[in-house]
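J.: Take the sequences, apply the hints, and build the full model.
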Amino acid sequence: MKKKIFAALMAASLAVSGLAVNSVYAEGNMEPFGDTVKYDPSVEINNGEDITVELWEWGSDDLFQQVIDGYTEIHPNVTIKLVNNPWEDYWTKLPLSLDGDKGPAIFNVHNSYHENLINYMAPLDIPVEDLEADFTGVEAHVIDGQVYYIDYGMMTGSVYYNKAMWEEAGLTEEDIPKTWDEFREVAKKLTIKDGDRIIQAGLSFNDDFHQNYLLGLNYQLGENLFQEDGKTPNMTSDAMKQVMQMLVDMYEVDGVGSKDFGEKSADTFGQGMSAMVLQWGHYYNTLNTTWTDIDFGVFEIPTFDGDPYAYNRYNGESTFGINKNAPEDQQAVAQDFVKYFLANDDAQVAFNLAMSTFPAKKSLADDERILANPSLKVLSEHIDHYIWPGPMPATVENSLKKAGQDIFFNGVDIDTALQEAQDNMIRDMKNSSFQSVENLYAYAK
Amino acid sequence: MFRKSHPLQSKSEILLRNIVVLVMVVFFTVFLIVPIGIAFAGSFHEWNPLSGTYRFLGLENYKEVFTSALFGKSMLNTLIFSVVVIIFRVGLGLGIAYAIYSPLIRLKSFFRAVYYMPVVTPMVAVAFVWKFMYNPQIGVINQIFHLDLNWLMNPKTALLAVMIMTIWKDFGYAVVMYMAGLYSLPSDALEAAKVDGANAWQTFRYITFPLLKPMTLFVVITSIIAYIQAYVQILIMTEGGPGTATYLASYIIYDEAFVKYNFGYASALSFVLFVVTAAFTLLSFKVSGTEE
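Going line by line, the protein sequences match chains Z and V.
Just so you know, the first sequence maps onto residues 951 to 1395 in the numbering used here.
Just so you know, the second sequence maps onto residues -15 to 276 in the numbering used here.
Treat each hint with caution, since some may be false.
Said to hold, decoys possible - Keeping only pairs whose Cα atoms sit at most 30 Å apart, straight-line, the calculated BS3-like set for lysine-lysine is:
| no. | chain 1 | residue 1 | chain 2 | residue 2 |
| --- | --- | --- | --- | --- |
| 1 | V | 47 | Z | 1181 |
| 2 | V | 140 | Z | 1380 |
| 3 | Z | 1327 | Z | 1312 |
| 4 | V | 244 | Z | 1181 |
| 5 | Z | 1052 | V | 244 |
| 6 | V | 92 | V | -5 |
| 7 | Z | 1214 | Z | 1113 |
| 8 | Z | 1143 | V | 270 |
| 9 | V | 244 | Z | 1043 |
| 10 | V | 57 | Z | 1181 |
| 11 | V | 140 | Z | 1191 |
| 12 | Z | 1214 | V | 140 |
| 13 | V | 47 | Z | 1214 |
| 14 | V | 270 | Z | 1380 |
| 15 | Z | 1113 | Z | 1327 |
| 16 | V | 140 | Z | 1143 |
| 17 | V | 270 | V | 197 |
| 18 | Z | 1128 | Z | 1139 |
| 19 | V | 244 | Z | 1214 |
| 20 | Z | 1191 | V | 57 |
| 21 | Z | 1274 | V | 244 |
Claimed, not checked - Here are the simulated distance ranges between beta carbons:
| no. | chain 1 | residue 1 | chain 2 | residue 2 | range |
| --- | --- | --- | --- | --- | --- |
| 22 | V | 16 | Z | 1277 | 30 to 38 Å |
| 23 | Z | 1392 | V | 144 | 47 to 55 Å |
| 24 | Z | 1125 | V | 127 | 30 to 38 Å |
| 25 | Z | 1011 | V | 131 | 44 to 52 Å |
Claimed, not checked - These stretches of chain V come out as covered by chain Z in the derived footprint (C-beta under 8 Å, 3 or more residues):
| no. | segment |
| --- | --- |
| 26 | 111 to 124 |
| 27 | 143 to 150 |
| 28 | 183 to 192 |
| 29 | 221 to 235 |
Derived by calculation from the structure, the hints in this document are not laboratory data.
Positions of the beta carbon are idealized from the N, C-alpha and C atoms, including for glycine.
T.: Right under this line is the structure:
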């Protein structure tokens, strides 16, 4: 659901980012551009003969269309037909289409569907070393020496707070917490109650605690999500239990929120019912498009001791996939289009702002357009201290969500619930080809 | 194709009949028999049609079905859900139909239409509306009854809440069915009861209700089939939660097939559920004594 909302908001976020300008993509001249991965607009495509290819995506038509327009301005003989399939249908239609000979030459990728797509993808025609020189996290995408897609952006969690509530509680910028202990104290100050009844929650993590806390804070305590073999989940680790216990204590000891106060933390914050929420980057656009009345600020995720092994988990927003079953001339266009996208800084900035992701392109880390987005600015200092575990199967999130619900609602103790989650994951992943890439983290122990 | 052992009048009639039958045979073969066959074969495999995985596992999927605690729990939930909803569907349906059937009630068509409206409203829409009504902070149900309940996330009320919604949505079907049954009752039996001095309750107990038995059986069997397949309301209102408290058998199939893309295991679950549905249907016939 989170991903669907995220995708639906992309188009609207274009207006926010103020980058709805076609011409930026075309660069306006025929000189090669890019860092190590360079794009030479003067090279003719398909011998100058007309060719049409399809690009499939699940949302944000305008964003994609602008890149297409920039590309076809350089290569007027190429027509790229944009095909939108809603998220619900996309992941069924796309693999079935790629399995035949009528599939799109280019398609948008979400790494959560990696296993269903990778067998249909052609490797990029760009040297891996060149990609590694320009982009962060490429190594995690190398399969048998080849790369099929990489990340153009990294999304992770930050804390969003309601400025009006913050002020009413007598808090200032100086009170922005750096540690979880400080965070809990601030949350208490932001909580308003009428007897035992919560009027304003200091914090809500309902419905997304598994994504935003359980699958990430373990890294702060030096534990990976997967064991050394890269396949066995690590859900019963001391770190996981400590994080879960902290969540329980926030609600049941500190009383800064309640499992019954608001169905979803993202909505609760947007409706002005809670003062703080930990959400991933897409939430910045959600607040700017859906909850426009909320005056909010953003700060970096707190840590347990100020010196974490890593701050949190991140997930990459993926570059386009190329259909290996498409005709060769179409694949050639697709390869060229992907290279154009990777080399084009304006396109990279536009996509990252639209998605509220931190650019994977190293040269854009200090880009003023990126740093003008508060949700990205707070990540900039420690962005190299975030870990991508790899394209985890859905069972990881789903099993942890059930475990959390068992703890909060069904009275199951933490050890039992996490053990059950662990067992579920092992059973569901027994035939999975998933291999964690946590060992590729730059500061891996 | 067919031997001429029938009273059809002309070759054109026979041709038309053969075409119609052929179309139906092809339709059922392509859209029913073949998919069922593929699913049955798939139930013995590790099968993900999206990634192209298809590996023979033998009876592994079936072993997993019968040793799965979650499947057992889901079957129990399905049993509770089906029994409660069917009892209320039949009870309310019969009661309201009988009330509307009464000569004292006017605007019969109006009432029939009103009660039938939820039935023709899409389950997805109804489930979303009821989910909103159950909201612990702003839901109308808590406000009307001055309650402070998180209906859909409390393990004691979550399945009950879904059952209430399902009963509300579906009992109109039984109303319409029973009204059709009531209007087709033989008037001589009712008049004979009247002549014999039977009061209203006796007439209902000994004449009307027994005569409605075929209709009751029809409603019960169609309800069993429908509720063993119920999952949309669970998907929208609870997603099986809290934890796995509201998992129904068909929701597991959905979860395995369309969330985990584990089509082989989902197919095995489907066939087990098919057998269970058939068994309950046969049992209904047995209990009602109309097996023949």
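J.: For a C-alpha distance cap of 30 Å, please report whether residue 1191 of chain Z and residue 57 of chain V respect it.
T.: 26 Å, holds
J.: Holds or violated: are the alpha carbons of residue 1052 of chain Z and residue 244 of chain V at most 30 Å from each other?
T.: 26 Å, holds
J.: Is residue 92 of chain V close enough to residue -5 of chain V, meaning Cα to Cα at most 30 Å?
T.: 48 Å, violated
J.: Are the Cα positions of residue 47 of chain V and residue 1181 of chain Z separated by 30 Å at most?
T.: 24 Å, holds
J.: Is the Cα-Cα distance between residue 1113 of chain Z and residue 1327 of chain Z 30 Å or less?
T.: 18 Å, holds
J.: I want to verify a distance hint. Is the separation of the beta carbons of residue 1011 of chain Z and residue 131 of chain V within 44 to 52 Å?
T.: 45 Å, holds
J.: Please work out if residue 244 of chain V and residue 1043 of chain Z have their alpha carbons no farther apart than 30 Å.
T.: It holds: about 16 Å lies between the C-alpha atoms, which stays within 30 Å.
J.: Taking a Cβ-Cβ distance under 8 Å as contact, does the segment 183 to 192 of chain V have three or more residues in contact with chain Z?
T.: violated (count 0)
J.: Do the alpha carbons of residue 140 of chain V and residue 1143 of chain Z lie within 30 Å of each other, as the hint requires?
T.: 26 Å, holds
J.: Verify the proposed pairing of residue 270 of chain V with residue 1380 of chain Z, using a straight-line Cα cut of 30 Å.
T.: 43 Å, violated
J.: Just to be careful, I want the Cα atoms of residue 1214 of chain Z and residue 1113 of chain Z compared with a cutoff of 30 Å; is the pair within it?
T.: 20 Å, holds
J.: Go check the segment 111 to 124 of chain V versus chain Z for me, would you? Three or more residues, Cβ under 8 Å, otherwise it fails.
T.: Since three or more residues must qualify, the claim that chain Z covers the segment 111 to 124 of chain V holds, with 3 doing so at under 8 Å.
The structure is inconsistent with the numbered hints 2, 6, 8, 13, 14, 27, 28, although it conforms to all the rest.
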